[in-house]
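Asker: In order, the protein sequences belong to chains A and B. Residue numbering for the first sequence follows the working numbering, beginning at 1 and increasing consecutively. Residue numbering for the second sequence follows the working numbering, beginning at 1001 and increasing consecutively.
Hints in this document: simulated from the structure, not taken from any laboratory. A portion of the hints provided could be inaccurate.
Claimed, not checked - Label-pair distances were calculated between CB atoms; the ranges are: (1) Ala-1101(B) to Ala-101(A): 23 to 29 angstroms; (2) Glu-168(A) to Ala-1128(B): 43 to 49 angstroms; (3) Glu-152(A) to Gly-1144(B): 33 to 39 angstroms; (4) Gly-107(A) to Gly-1131(B): 30 to 36 angstroms; (5) Ala-1162(B) to Ala-158(A): 53 to 59 angstroms; (6) Gly-72(A) to Glu-1068(B): 45 to 51 angstroms; (7) Ala-1128(B) to Ser-73(A): 22 to 28 angstroms; (8) Glu-56(A) to Ala-1132(B): 54 to 60 angstroms; (9) Pro-135(A) to Arg-1129(B): 24 to 30 angstroms.
Note that beta-carbon positions come from the ideal geometry of N, C-alpha and C, so glycine has one too.
Spelled out from the first residue to the last, the chains are:
Protein chains: 2
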Amino acid sequence: MALPREYPGQSCAIARALEIVGERWTLLILRDAVFGVRRFSDFSRHLGVPRAVLAERLEFLVAEGVLERVAGSRGRDEYVVTDKGLGLWPVLRALGAWGDAHYSPAGPRRVFEHAGCGGDVASGGRCARCGAQVPVAATVLVPGPGYEGPAEGDAISAALAAPHRLLEQLG
Amino acid sequence: MALPREYPGQSCAIARALEIVGERWTLLILRDAVFGVRRFSDFSRHLGVPRAVLAERLEFLVAEGVLERVAGSRGRDEYVVTDKGLGLWPVLRALGAWGDAHYSPAGPRRVFEHAGCGGDVASGGRCARCGAQVPVAATVLVPGPGYEGPAEGDAISAALAAPHRLLEQLG
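All chains, please: the whole structure from these sequences, using the hints.
Answerer: So, in structure tokens, the structure goes:
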């Protein structure tokens, strides 16, 4: 990569975190992993990221313990989010809440519900109906009012057109 | 810039947000602005970011309404965080909380207190002592157990060695 990953001289925790997840595509890869994408080919198709970049990012996230590489079906590697990686979900929710507030004129494209309860899960993770702090795995991703339908020919995008529990394997 | 800003095909709110603040240095510029840095020369010195990059980032953040350019003392432009920009503070706090949890073995370098109350402000913004949801402007930045002293010769870093209310002008 042309740009260095590091922020020399910046010793704060925000800079440290950005050294791990601040590179282009990394947070979208993590978003997809939380949404249930596990296979290299699925990340590649859904994100449209160059394969060399995707390979480098996945390798780095595994090395940092954000993702874990596990043996999947038919001998293919799969990538699953670790507990450390789940600790970044509040970052993604906060980014999405801000993006929705300012760049989604038709309303959120995706909303989050508390599994079983059905209440809306706010960006801080609290259920608006029952008040519980909802674990990521008990959160259901649901198309919102701004949803425009799946991207053509993309199985991951099609799978996300129906309500789907976070972290459960997609596609 | 060599890399395009856009994530074509990614219409989710997280991707939109990253198109605004996902470029290298942008979130650290915003962090400094919330900490009270306002002048170009102070951002430049504290971050060590190339001046051309800093100028491009500030220009873009002003165009997107994240920062506002105002006339400061001695005719110099200053940059202040808008309400829209403050909406990204939860992103920065979540990144910092994750960075501290995993990359600050000596404890947090900076902690956040509720002004007047003195309670710790959690990354979600709630005061651990009084339970209030604390506005950014009522949050005091305090050196934490992992603080290693200011960087030599940097007035902003020196000013941050003492407790300091967020958004109040530094230096």
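Asker: Give a verdict on every hint.
Answerer: The hints, checked one at a time:
Here the CB-CB span from Ala-1101(B) to Ala-101(A) is close to 27 angstroms, well matched to the stated 23 to 29 angstroms. Between Glu-168(A) and Ala-1128(B) the C-beta distance comes to about 34 angstroms, which lies outside the given range of 43 to 49 angstroms. Distance hint for Glu-152(A) and Gly-1144(B): a CB-CB separation of about 50 angstroms, inconsistent with the stated range 33 to 39 angstroms. For Gly-107(A) and Gly-1131(B), the hinted distance range of 30 to 36 angstroms is satisfied, since their beta carbons lie about 31 angstroms from each other.
Take Ala-1162(B) and Ala-158(A): their Cβ atoms lie about 55 angstroms apart, and the range 53 to 59 angstroms holds. The supplied range of 45 to 51 angstroms is met by Gly-72(A) and Glu-1068(B), whose beta-carbon atoms lie about 49 angstroms from each other. Hint check: Ala-1128(B) to Ser-73(A), Cβ distance near 45 angstroms, so the stated range 22 to 28 angstroms is violated. Between Glu-56(A) and Ala-1132(B) the CB atoms are about 44 angstroms apart, so this pair departs from the stated range of 54 to 60 angstroms.
Hint check: Pro-135(A) to Arg-1129(B), Cβ distance near 26 angstroms, so the stated range 24 to 30 angstroms holds.
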